Amino acid sequence: MAKEDATRLAQAIVEVKERTVLCSVCFNIGIAERCAICADDRRDGSILCVVEDPRDIVAVERTREFKGRYHVLGGALSPIEGVGPEQLRVRELLGRLEPEGVTEVILCTNPNLEGEATAMYLARLLKPLGVRTTRIASGLPVGGDLEYADELTLGRALEGRREVDA
Amino acid sequence: MQGELRPVSGGLTVVTGDNGAGKTSLLEAIGYCSSLKSFRGSPRESLVRSGSASAIVRLEAADGSRHTLVEIEITPPRRDQAMRNRQRVRRVQELLETVRVTVFTPDDLALVKGGPQERRDFLDEVVVSAHPRLSVARHTVERVLRQRNVLLRQAGGRAGPEVSTTLDVWDHQLAAAGTELAEARATLVAELAPLASSAFSRLTGTGAGVVLDYQRSFGDSLAEALASHRHEDLKRGVTTVGPHRDDLAITSDDLDARTRLSQGRQRCVTLALRLAAHGVVGSYAGAPPVLLLDDAFSELDDATAKALVSELPPGQAILTTAGPLPPGSSPDAVVRLRDGRILP
Ligand SMILES: [Zn+2]
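Line by line, the protein sequences are chains A and B. Each residue of the first sequence is one higher than the one before, counting from 9 in my numbering. Each residue of the second sequence is one higher than the one before, counting from 70 in my numbering.
With the rest of the complex left out, here is chain A (with noise of 0.2 Å):
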């Protein structure tokens, strides 16, 4: 690569980084105060997904399988790393619901033990209020990740949600 295109490449990188914002609803990565998803009107809004982190939103999306709308948490419960309740993106959560009109949130946080608790404490959260409350299929590599499922076992398992009994 020749120097200047370097330079080039970097500038780009840090234009990149300045530009996007998270978005002030879902808190997806974007480059507006509301990001592409939450500012297109033909998504449902009655269905939210939850899930940890922006770049399970893009795994999400290759699905294909999905036209609500998302809401990033910020991670996953984890004493050990400091991460509580406070920690995660909760509050936002539950002040969306009525607004919204929110009638189904999928749990899709990671098929890990830590995601896996984070999916319950929020059912536990979400079933008094009404909401109908489900999480994706089981049948994810456990332990994974669920930004390196392929899309089509991602696809069944978003198909294959069921409700959740916390």
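Please keep in mind that the hints were generated in silico from the structure rather than gathered at the bench. Please note that a few of the clues may not be correct.
[Claimed, not checked] What the simulated footprint calls covered on chain B by chain A, stretch by stretch (three residues with Cβ under 8 Å from a Cβ of chain A suffice, anywhere in the stretch; the number is not a length):
hint, region
1, 209 to 219
2, 224 to 235
3, 239 to 249
Given the structure is predicted, the values throughout are model-derived calculations rather than measurements. Ideal Cβ positions, reconstructed from N, Cα and C, are used throughout, including at glycine.
Chain A is fixed; fit chain B with the ligand onto it per the hints.
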């Protein structure tokens, strides 16, 4: 350590040599191909000869007409490179399913004399060798306990509503995986018990057997036990019930093996446990593991050493010794080691 060992298949190979000749390293290398761990807990750095950058272990496993080549390259501090039939191995589990070993070492005495952790680890290793899918439950228990204990300490003795709800969630996970693990251990102990008892009486040449009893730290329901101990757990900042508090009690003629048996008898108990585990894993795997006996005679009296050789289970066994073989034993092959080299 350098050279090629061709142990007799389906028979006993004895490896002799002075102390420091590399006998244990040889068995350690075989064991490493099964678990990527040293059975004597050597750090990886010490597995590489000083002055060399890496150590290479090549092992050919034959199961009937099927041959599998396992190659391991140990280059600290990099991760071990493991290949199976020239294909990169991604999970240690794959190795464990290719090369199964039962290891007996003089340090095994800790199984009887040491704390309950030694016995739990023994049970868990055998459970996972016999039922590889249970490694998930074992790993989950370990990890939930770490998370839960940190949370208990963070709570500082008090449980607000936030802490209570998160504890509920971890407890749910611990109850599920912990019950699965404890039940698997209890089932294993029931399978080990008759085998261990008859091996013990043959090794000691007495009518006395051993009785194994898996002692759970909780009653029928781990979920209920966690709930009823929560107050205490919060006060102490640790999880006081669960599979990590269980123990395996061993008695012979009503005497506690840990405190009331002679050291010679305790060695017979550890051998009996290993031989029983060997039998159980072999019955699940469809073929007996390779039996590795390191320095097995060093602490045994002549009668027990003789009984051990004559009672070896069918299958392949590799035994190291610095001294002579017990009188009357007829190994299928004897290999001599000197200064880390296998003599022709
Ligand atoms: Zn958004």
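Numbers of the earlier hints that this structure fails to satisfy, in rising order: As far as the earlier hints go, not one is violated by this structure.
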